[in-house]
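Listed in order, the protein sequences are those of chains G and A. Each residue of the first sequence is one higher than the one before, starting from 1 at the first, in full-length UniProt numbering. Each residue of the second sequence is one higher than the one before, starting from 1 at the first, in full-length UniProt numbering.
Hints listed in this document are in silico derivations from the structure and should not be mistaken for laboratory results. It is possible that some hints are incorrect.
As the list claims (entries may be wrong) - Now the in silico label distances, taken between C-beta atoms and shown as ranges:
#	chain 1	residue 1	chain 2	residue 2	range
1	G	Gly16	A	Ala189	27 to 35 Å
2	G	Leu241	A	Asp248	50 to 58 Å
3	G	Glu334	A	Ala189	23 to 31 Å
4	G	Arg132	A	Ala189	56 to 64 Å
5	A	Gln712	G	Arg132	53 to 61 Å
6	A	Glu691	G	Ala147	45 to 53 Å
7	A	Leu680	G	Arg132	50 to 58 Å
8	A	Gln712	G	Ala43	39 to 47 Å
9	G	Arg132	A	Asp248	50 to 58 Å
Unchecked claim - Calculated Cβ distances over 10 Å to all of chain A for the following chain G residues:
#	residue
10	Arg23
11	Gly38
12	Pro93
13	Pro115
14	Gln116
15	Thr148
16	Ala177
17	Phe220
18	Arg256
19	Ser263
20	Arg275
21	Glu300
22	Ala301
23	Leu317
24	Ser329
25	Asp337
As the list claims (entries may be wrong) - Derived contacts from chain G toward chain A, CB cut-off under 7 Å, selection only:
#	residue
26	Val58
27	Ser62
28	Thr65
29	Pro149
This one's a predicted model, so the numbers in the text were calculated from it and none came from an experiment. All C-beta atoms in this analysis are idealised placements derived from N, C-alpha and C, irrespective of residue type, glycine included.
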Amino acid sequence: MRFLHTSDWQIGKAFGFADDATRAVLHDERLEVIGRLGRLAQAQGATAVLVAGDVYDVADPSDRTLRQPIERMRQFPTLEWHLIPGNHDPHTPNGPWDRLQRAGVPPNVHLHLAPQAQAVGDAVLVPVVLTRRHALGDPTAGMDAIATPEGAIRLGLAHGSLRQFGAEDSTTHNLIAFDRADRAGLAYLALGDWHGGQCFGSGDTGSRSWYSGTPEVDAFDTGGWGGGEALLVQIDGPRALPDVTRHRVGRFKWRREAATLHSITDIDLLETRLRNLQPDLSTLLVSLRVEGALSLAAREAYERRIRGDAASALRALRLDDGRLQPEPSTADLEAIDQGGFVRVAAERLARMAADPAELRRGIAAQALQRLYVLHMRRAGETEAGA
Amino acid sequence: MRIRSLELTGFRKFDRPVRIEGLADGMNVLSAPNEFGKSTLLDAIRGVLFERHSSNAAAVRSMQHWRGKTSPVVALGFEWAGGLHRIEKRFLHREPYARLTLPDGIRHEGDAAEEALQALLGFRPPGKQGAKAEDAGMWGALWVAQRESVRQPELNDLARATIHACLETELGTLTGGARGQALLADARAELGRLLDGNGRPRGRYKEISGLLTQAEDTQQALIERRRQLDDDLDALQRQRRTLAAASDADEAARLEADLSEARRRRDAVLRYEDLRRQALTDLNLAEGRQQAAMAETLRRQQRGETLAQAIAEAARLQAVVAEAQAELASADEALAQASASLELAVQAGTAAMLRLRQARTVSELALRAAAMTALGDRLQRAEAAQAVVNELAGELAAMRVDAAAVQAVHAAAREEQRSRAVLDAQATLIEFELEPGATGLLVDGEAATPGRSARRLVEPAEIIIPGYGRLRISPAIRDRDRMQDAIAQSVEHLRAALAAIGASDADDAERRLQRRHSCEQRLAHARGELALQTPADPGHGLAAGLDPLRNHLQASRSRLAAELSEVEMASVPAPEIAEAELRTAQASETAATEMTQGARAALSAPQARRLRCFETLAGQSASLEAVRESVARLQREIAEAAGEEPDAALADRLAQSAQALERQRELAARAVGEQPADTLDAVNARIQRYEQAIVQQRDAVRRLQQDIAVLQSRIQQQEGAGIDEQIATAATACDDLRREYEGLQAEAEVLTLLRDTLIASEREAKERYMAPVAARITPYLRGLFPGTSVTCDEEFRITGLGRGGSTDDAVDRLSDGTQEQIAVLSRLAFADMLLDRGKPAMVILDDALAYSDRDRLERMFDLLTQAASRMQILVLTCRGELFTRLGGHRVELVETTPAS
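Okay, chain G solo, but in the shape it has when bound:
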């Protein structure tokens, strides 16, 4: 038995932090990855794709969003796609699955909406169906009792968090028993919910419980292997250990970065670092946290080169520079004016910005920066004029 394990497509996810253009691209890529999954499966000789929940990001997607992944799957008629609801898209009355059922799906797409075993190739699929976002207790508890023909390869398909040994916290939702694969006699438990892939189990029982992770990363912190992959699984018998291979299918990479800036040199270093994160910066999203203190001139350079240039090179740059303090130097102030009331004003703003007790500290820093920029612009015009 050879199949592809994937999950957490999260179709329809909105990326609030990004601008409209990026948002549209990220949104589209979540659909595009279905094609890559299909092609991977075909290339690897898999006949089925198990999607372990959270196909949709919301419980009530629009009709278009609802149909889009289905239509993508339709394009691979030789592949059998097996879908279960997840906590994002639980099977509720009149929910997305009801709607899909009513509207009809292609024959190669199988919606598992009841805890009933179903043959998949030479194996038998034992699905878990979430009927609400937060199910108390272990959603896979019923798997043990689902009967399958003697000697069948039992493939578990479920969505939820795997419960650690000893963590009998029944108040947590959708927690799956750590040894569910063994208890339910599963050759393989295909799990969804975690966006970074992982596998559990070792020793005699071996690794039978796997999270595939999301095929297209959708956040800066995914855990596990980081996501952007699908698992190709080969199982040779009912109790044979699965042979699992990770395949990269995601397009975008998401990274967190941090930097401390105190001088122009620091800015140079940061820019270089960002530019060298990977060859194709257009498929990289960076969340950058910056702190430190910059002179007005350096701040101006920072704005220009990091917030401006580097950010444009990347697919998206999410900047957190709230703790980047202004530190106007004497030279800054001299540059603004030697004397006169403008200098007085600049010094006053600098004092405000430096005063921890000042409520409008940040505003004052920005005002000072703005004064600097206005001044530089004037100076530039004067120079250009001269």
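With chain G fixed as given, assemble chain A onto it according to the hints.
Frame of chain G; chain A shown alone:
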């Protein structure tokens, strides 16, 4: 600077050379009347310093004497930086010149002199149009021409620069003004894109604010829709569960079974009620029947008894009737005897009454006969009177005279006499007096009598005097004919009146009237006699008059004769006899009447007895008849009843109905005893309850089905909308907008702070900058207005005075006099400032302080004198007397001898 000397030649009105004498340090006063040329001196000083010697500008040409094209020459000696300088210029000459002699004796000529002078005093070279005020720099402010003193000096760039230079040495360089303004303008411009003049958002900022609110509303609405959808989904689940419970078939079947049972029980109750009611009805019927039989039996019994009684009563009544008939017969006999007695008495009474009546008639006739005799006497007397009346009446009828006629005769006689008298009065009187014996004289044929006579002539008369002839007299009487006609008419009237009564003349008429009166008296007497004898006697139906009396007597005699024949008497007896007979007849009649009354009284007792008997008989007979009728009726009824139902049959019926009643009583008792446990009300209530429960269940199911359908359709409507997705989108949009809004907000705050800080800094800088100026002016102003503080603007103009507190008086609201005083003092302050910076200044005031009152003027003089201790001041005034109080040096303008 201190001016030491000034010489003019050919300058304006001074065609001959003049020079100033008496100029010294401190205060100098040149007092001269109008048109003296004081202002010309100031123009000359300005001209020699600021105009180029080679200039041909209008200002320069105006220096020429008005009479001829002079070439003005001005020479000014002044002390500057500790040394005496002299500048002399000749204008508008073929060979104009400028000569500057420095204290060290070095002399510059021409343009070199001009440039050296400019450098020395710090003014700008004039243009082609001549020196402008701005070229003169600070001097323009310090040298005040006529009418300029009322305003504060408007500082030109040069002057401002000079003051700035002064201030900078004091405060250090204050740069950045222009650039600062530019930056402030930039900050304002950038802020202006965000906020309007009132600090409210505009443009994108305003738009984004609206969009954000809108987006938030949209998001909220979506969330609300999602919540509604969730609620609907929950409700749908709930309704479905409820529906499942409500549609429970077992419960429905149980209810139906219970209902059937309840209905069965109700039927039982109803059936019992029917039976009970039927039994009671039958019992009533049997009782009725039994009572009917008993009543009939009783009725027959009573009828029999009544019949027996009636027969007995009839027998009794029969006896009573017989007795009454016997009594009646006895009564009749007694009555017949009494009636016979009465008959006899009545007959006797009738005979007595007839005799009485006869006697009365006779008596009456006797009386009447006597009366008729008297009446006959009266008739005779009356007839005699009647005869007299007839005779007199005939006589009277023959008389035509009466009082009126006699009156008419008298009147006519008087008229005749009057008319004659009238004519006589007119008549011609002819009087005759004839000799006795004279005869023959005929007057109108009539012989005149001897003696005296007279005739009154009215007609022509002819007097024949025999022998002599005839004498004809024709009286001429006017209206004679008419008067004669009147006489004739009156004579005729008299004649007619007399003829009417047949009298011959008036006396005769009078006599005839006397006779008539006598006749009338006698007639009245006879008529009185007649009336006395024939009065009316209404008691006998007799009218007054002779004929009625006669007729009455005639009739009475006839009646008496008839009545006599009626009583069969030939004659009337004497009244006395008749009276006796009457009394006898009356006595016998009275006796007969008494006897009749006794017989009649004896009749009443038997009559009453008979009546009583008769009544008794009638009553008893009627009773007997009635009893006999009831006997007959009863007998008939008995016969009829027996015909319908013989007594034996009735007895049978009575016995049977009693038995049937007894039986029915037992049945009814049994029926009442079989009452079921349920009451009808209770069992009906139960049925109603079950029915309602079933209906409610059905309704609930139907309602639930409807609700579910509604919910389902509502949910399905929302399905395709993708609310979650929309919420996510809306949240993203909101975040975007909020980020932008907050960015703009921060931007606005930043720019506002920047702008405010720049403005505040600038204001402080200005205030600092102005402080020295204010400090110089303040002491002067306090000399004028004690306790005053001063505010200056950037142009170094005094804009406000704080007097006696914090209130600022705007200078432009002060009086002209005060404004001028302030203007003069501000110049002194500038001069002081220059002096302090080592730039010796002097002040020239041309006809200043014209608007000051005496008190102010005194104080201004004090202040000017104070200033004059530090600088040279030249005051040009036309008010010599007033300005003598200023003191200082008297300056005079004197003509220069050409030799010197």
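Results for each hint:
1. For Gly16 of chain G and Ala189 of chain A, the hinted distance range of 27 to 35 Å is satisfied, since their beta carbons lie about 33 Å from each other.
2. At roughly 52 Å, the beta carbons of Leu241 of chain G and Asp248 of chain A sit within the given window of 50 to 58 Å.
3. In this structure, Glu334 of chain G and Ala189 of chain A meet the distance hint of 23 to 31 Å, their C-beta atoms being roughly 25 Å apart.
4. The supplied range of 56 to 64 Å is met by Arg132 of chain G and Ala189 of chain A, whose beta-carbon atoms lie about 58 Å from each other.
5. A hinted range of 53 to 61 Å for the beta carbons of Gln712 of chain A and Arg132 of chain G is inconsistent with their spacing of about 19 Å.
6. Between Glu691 of chain A and Ala147 of chain G, the C-beta spacing of about 49 Å keeps the proposed range 45 to 53 Å intact.
7. Judged by the Cβ atoms, the range 50 to 58 Å given for Leu680 of chain A and Arg132 of chain G holds: they are separated by roughly 56 Å.
8. Distance hint check: the CB atoms of Gln712 of chain A and Ala43 of chain G are about 45 Å apart, consistent with the given range 39 to 47 Å.
9. The hint said 50 to 58 Å for the Cβ distance between Arg132 of chain G and Asp248 of chain A, and at roughly 27 Å that hint is violated.
10. Its closest Cβ contact with chain A, about 7 Å, brings Arg23 of chain G to no more than 10 Å, contrary to its assignment away from the interface.
11. Chain A leaves Gly38 of chain G outside its interface by the beta-carbon criterion, the shortest separation being 24 Å against a cut-off of 10 Å.
12. Not every CB of chain A lies more than 10 Å from the CB of Pro93 of chain G, the least distance being 6 Å, so the non-interface label is violated.
13. With a minimum CB-CB distance of about 19 Å to chain A, Pro115 of chain G clears the 10 Å threshold, and the non-interface call stands.
14. With 10 Å as the threshold on Cβ separation, the claim that Gln116 of chain G sits away from chain A holds: the shortest Cβ distance comes to roughly 22 Å.
15. Annotated as non-interface, Thr148 of chain G keeps its C-beta farther than 10 Å from every C-beta of chain A; the closest such distance is 31 Å.
16. Interface exclusion of Ala177 of chain G from chain A stands, the closest Cβ pair being 28 Å apart, more than 10 Å.
17. For Phe220 of chain G, the non-interface assignment is confirmed: its Cβ lies about 17 Å from the closest Cβ of chain A, beyond the 10 Å cut-off.
18. Chain A leaves Arg256 of chain G outside its interface by the beta-carbon criterion, the shortest separation being 20 Å against a cut-off of 10 Å.
19. Distance check on Ser263 of chain G: its Cβ is at least 24 Å (rounded) from any Cβ of chain A, clearing the 10 Å threshold; non-interface status holds.
20. Non-interface status of Arg275 of chain G relative to chain A is upheld: no Cβ of that chain comes within 10 Å, the nearest being about 26 Å off.
21. No Cβ of chain A comes within 10 Å of the Cβ of Glu300 of chain G; the nearest lies about 15 Å off, and the non-interface call holds.
22. Against chain A, the non-interface label of Ala301 of chain G holds: every CB pair exceeds 10 Å, the least being about 19 Å.
23. No beta-carbon of chain A comes within 10 Å of the beta-carbon of Leu317 of chain G; the shortest separation is about 15 Å.
24. Under the 10 Å C-beta cut-off, the non-interface status given to Ser329 of chain G relative to chain A holds; the minimum distance is some 19 Å.
25. Against the 10 Å criterion, Asp337 of chain G falls within the reach of chain A, whose nearest CB is about 5 Å from its own CB.
26. With its C-beta approaching chain A no nearer than about 3 Å, Val58 of chain G sits inside the 7 Å limit, and its interface hint holds.
27. This hint holds: Ser62 of chain G has a C-beta 3 Å from the nearest C-beta of chain A, less than the 7 Å allowed.
28. Taking 7 Å as the C-beta contact cut-off toward chain A, the hint placing Thr65 of chain G at the interface holds, the least distance being around 6 Å.
29. Nearest Cβ of chain A to the Cβ of Pro149 of chain G: about 34 Å, over the 7 Å cut. The hint is violated.
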